[in-house]
Every structure is written in C-alpha cells, then in structure tokens.
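A.B. asks: Spelled out from the first residue to the last, the chains are:
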Amino acid sequence: MSLRQSFLMAIKNIMSSKVRSLLTMLGIIIGVAAVIVIVGLGNGMETYMTDSFKSMGTNLLTVTVLGRGSSRSVSVEDMYQLLDDNPEYLDALSPTVTYNGTVKIGSESLSSSVTGVSEDYLYMKAYEIDRGRDLSYIDMENRSKVCVVGSYISKEFFNGNPVGKEIKIGGNTFTVIGAMAEELESEEGSTDDCVYIPYTTAARLSNTGKISSYTFAVVSEETISESKAIIEEKLEKIFGSDSAFLVISLSEILDVMSQMIDIMVTVLAGIAAISLVVGGIGIMNIMLVSVTERTREIGIRKALGAKQRNIMSQFVIEAATTSALGGVIGIGMGYMFSEIATRVISVALEVEMKVIPTVGSVMLAFGISVGIGILFGYLPAKKAARLNPIDALRYE
Amino acid sequence: MIPLIEFRDLYKLYPMGDTVVHAVDGISMTIYEGEFVAIVGQSGSGKSTCMNIIGCLDVPTHGSYFLGGKDVSKMNDNRLAEIRNKMIGFIFQQYNLLAKLNVVENVEVPMLYAGVSKSERRKRALEVLSRVGLSDKIKNLPKQLSGGQQQRVSIARAMAGKPKLLLCDEPTGALDSRTGKEVLELLQEIHKEGNTVVLITHDNAIASKAQRIIRLEDGKIVYDGPAKGAPKQVSVEDGGEA
Ligand SMILES: Nc1ncnc2c1ncn2[C@@H]1O[C@H](COP(=O)(O)OP(=O)(O)OP(=O)(O)O)[C@@H](O)[C@H]1O
Ligand SMILES: [Mg+2]
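Protein sequence lines, in the order shown, are assigned to chains A and B.
Just so you know, we're using my numbering here: the first sequence kicks off at 11 and counts up by one.
Just so you know, we're using my numbering here: the second sequence kicks off at 11 and counts up by one.
Treat the hints as calculated values from the structure; they're not laboratory data.
DEER-style ranges, computed between Cβ atoms:
hint	chain 1	residue 1	chain 2	residue 2	range
1	B	GLY239	A	THR302	45 to 53 Å
2	B	VAL31	A	ILE284	46 to 54 Å
3	B	GLU92	A	GLN269	52 to 60 Å
4	A	ASP265	B	SER127	58 to 66 Å
5	A	LEU389	B	GLY54	31 to 39 Å
6	B	ASP28	A	GLU406	23 to 31 Å
7	A	THR302	B	VAL69	22 to 30 Å
As the structure is a prediction and not an experimental result, all values here were calculated from the model.
Every residue gets a Cβ at the ideal spot worked out from N, C-alpha and C, and that includes glycine.
Isolated chain A, as found in the complex (with noise of 0.2 Å):
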C-alpha cells in the first residue's frame, strides 16, 4: 500500500470527523501559532533596534575621558595623532563638546541640543547639508562663532532658508552657515533639533574648556573591535590606567543586545514549544481512543491481509497528518496575529516595529508539529498494528 494511499486514507478519516479532529489539533495550533509570533517579535525587535541603532552609526567608537586614577590627560593633538598613526583603521576623528547654553531665536528659547564637532562629523554621521556649507578647518582654526542647524530650526524659524541669519547660544551670537538635510520628520527633540558649532568654540565657551569626549569613524565595520583595542591601547599608555577612559562602540552594544533577544526569544519560544508537546499528548490521547474505536476494522483489515507495517503506517500518517494540519492551521494563524500585534504596537506604543515571522520559524514550527504527530502516533499505532485479529474481529 502507497503512501500516498494512506495519506488519502488519513485525510479522509480527518474530515469525517472535522471537530473533533479539530480540537485534537488545537494544542498544536496554539503552541506553533505562539512560537511564530515570539519568534516574529523577537525579529521584529531586533530589526527595529538595528535600525535606530545604524542611524545613530554603527561604524562609530565614542571615547569618554574621565580622569578617574590618573592626573594625565589627552590632547586633542594625541587624538588626531592616533588618527594618522592608523590610516588602515581609523577613518575620522571629531571631538565632541557637549554646550549647555541655551538656543534662541529673536525672543523664541528653544531645547534644541548644541554640540562642538569638527569638520568631519557630519561626514562621519553620514549627514547631508541641504543649503550652504559645511563647517570647515578654518572655522576650528579661527574658534568661529558658527553653525550648522538641523532641519527642525531651518523649517520652523527660518522657512529653511536660514544662511546667513543669526541665533544665540548661550548670550553668544553665531552665524548660521549651513542647513542639514532632513534626517527624521523635523519634529522637535528629534535628531533633526539641533546645532553644530566648532568643538574650539564649543570648548572655550563651556566653563572647563576641556574636551573630554571625542568621535572616532572607523574604516570598516568588520575590524571594529581591533580598531577598538588600538585606541584602548594608546590611552591606556597615555593615562596609564585603564579606568580613566571608556571607548564605546555601538555596533559592539548593538550585537550584545541582539543576542539578548535572540536568547530572550529561544526561551520563549521553548516555552511556546512546550504547547507543542502538550498538544502531541492530545493527539496521542485522541488516537488512543481511535484505535479502540476501530478495533473491529483493524481486525477486518488484518484479516483481509494488512501486515503489521500497513496498520502501523495507517495510524502512523494518520496522527502526522492530523498534527500537520494543525501545523498549518497555526502558521496561519500565526501570520494573523503577528499581523494583528503589528498593528496593535504601533497604536499603542507609537512605534513602527513589524512583526515579521520568520521563514525559518515557519519551517521549524511544521517540521516540529509533524515529528510531534509520528513520535505521539506511534504508541497508538503500535498498540493497533499489535492487536491480534480474532481479538479484534470479535470486538464489538
């Protein structure tokens, strides 16, 4: 007897009984609808995370100077020396002072934030200027009273035509010189709120005038780390002490936190998986009641000269069958909620994160469910190949 012959026969006892196949199914359904959704979550988050994570830029390493167990210092020009001392590594450098005085434009304050960059961090943020021109060398040179807006400002105060005009910063007048591109949606407290001023100027400006921040771009994403140690190296042999600074890198924090959620979602998942396994026992329980029930047709079958193998493989294909169904079922209804919970968190959380699940998940879940049906079916189908035909024929 074919396969394809008991798979017919299968699927024809299924639909014979459609509710109670159904609800034989339904411990399967739940647990690979569950384990799509998690996975999909997990997916989804992890590339939402990526994505706020490369806009804020992977290929970055922040260096933090905190002078903790040292009384040496940095200077900006050891900074720029470690640049060109690494050609193959390094790719950029822009000190970073963050100033604390307040924006304003004619009588209007505004909580945009300002910060003291060279003239190569927006080229190392991958920023575009829309309208004039870049902070320049001679800008740093000249400690420049200088800026380059964000969008936000050049759209709200300037009706994005804003070179040439002046703003304050912190009572000091600046000039602005360029407008950025639009990065975000131009809204307030976005990366598009902002103001770039020469790191010089930032610096004299700010009570300590000391730079204790500084932006390294690196050449390629894949050396990372080793670009990481190089810089670690170097201060450390500055400082002395390897408490006195902190280097950073955010594609370093991004693949952390993705193996979190990869970790987080394995053990959802498993837990998911346990529906899996409940859901095989039910199966188990259904065709162990079946048998029973069709005790007098296994004996007819064996009489008429089913081997043991064709009754096994019966009942076998007969449990895979019903467990792939509701492997199906559930992929379904998998897709369903990962599109519903799609929609319910960016109501609710204000947030694009899609839950997408995944081609793998999706195989996984089906391959899962139809082992489940053979490893459950099996007992059953055992215990039916193993009845003795007289037994079974003289069953009522």
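Once you have looked at the hints, place chain B with the ligands on chain A.
C.D. replies: This is chain B with the ligands only, laid out in the frame that chain A set:
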C-alpha cells in the same frame, strides 16, 4: 496430489483457571482443492476455532497445519497476513464490511494490501461486483444496503483477490431463509467454477448442499463423509457432555 488443507493431530487449548478447554482436540483431516465442505456441530463444538486456524487468523497450540503444502502453524503475524491475503477469502456472519468505505472501495481492500495497482483494482472490483449482481450499488455505503446485499459485497470482496479457498463462517446466519438461499446458490456457483469452499453452519439444510460434511463435537471429528447420507444429528449421549 497435495491437499489444500491438512490438519495433523491438531490441538487448540485455552487455559481457563485450573482447567484447560480443548477447543480443538486432536483433529486430523485433509481437504483437497475444489471441494465444498460444510463443518457442522453444536454451539461450542469448536467450529469457529477450527475456522480461525484454517483461515490463518490463529495458530494451533500443538500439531501441524499445512496450507497448500506449507506448514503455517509456526508462522509469524506478518507471514500469516500475507497468506490470508493471497490464499483465503473470508465471508463472515456479520459481513464485516468497512463502514466508512463504499462498496467498490470495500471490495478493493484485499487487493490494496496485495499491492495491486489502482486501475487494476478498480477493474477487478467492478468485475466481481457485476458477478454478484451489484453493479448498480458500487457507490453505496454498506449501511445503505440490505443484509443480503452486504453479504454479496463481502462475497465479492472475498473473490476479488482470486484466492484458492473461500472460508465462510455462518454466511447465512444473519439472513432470512430466502436471501440465505440466494447467497448459498452464489457460493455453489463459485464452487462450480473450481474454487474450494469451506462453510461453517449449524443449519443441516444448508450443510446438505455441500459435497462433504465434517461434524464436530467437543473439538473432535465425529463424522467426516459425503453430505448425502450423513446422520442428521449425532446423539448427545454418544458424544458425552455437550
Ligand atoms: N479465546 C478463548 N478463550 C477461552 N476459551 C475459548 C476461547 N475461544 C473459544 N473458546 C472455547 O472453545 C470452545 C469452542 O469454541 P468455538 O467458538 O470454536 O465454538 P463454535 O463451534 O464456533 O460455537 P458457535 O456455534 O456457538 O459459534 C468453546 O467451549 C469456547 O468456550
Ligand atoms: Mg462459532
């Protein structure tokens, strides 16, 4: 000529508590191809037990059973299934059709296990169904047929695999006398075509239609000879306790 069926000092014992029931108690007999044999006897005399052994549904406790010259008394479950499938057609008192399958599908079942191709199966099933006069009912489910029709389906099923031996356990037991007679006539025709038929009954009128009668009592043969002139009933006193 090799007998089709040969029992050599065959026993089937069932332990019941401290005692042992001798359902078949040392039977030796031979049945040749082309015979029409009726096995008769009172209830509990061991007819069905004999039948199950002849049909390879059960194995004897002692003794040998040769079917077509092969000793099947020590064969395992799967070998017996194969032999049942190839050599024997069963006709049961309760028809034993598969309720979820329609008439043709039921007839096809033994051929399914014999590995006959789909088209060949259908062809042969339709042939035998027309032979038993049920060509117009092929798509019906068993429950949509009368008892006599169901028994004819089961005869078609038994014949479809072209077995050497047709085994019938009380084939007319659940039918009224008229349909019973029809079924019996069908069996007689099948026999005339050269098939071996072994039939179990406790109805003497039916047994008399056979060529040969084997009468059992308490698991032993008490008469084995031509149907004509067979004693109608062996007295209970002669055979001891019933
Ligand atoms: N599985 C079993 N376990 C114990 N005893 C059994 C078993 N099967 C049959 N017997 C006994 O064997 C004897 C013969 O039984 P069998 O069924 O062969 O009788 P029978 O001639 O077919 O009777 P009937 O005409 O009523 O069908 C009986 O005494 C019965 O109780
Ligand atoms: Mg009986």
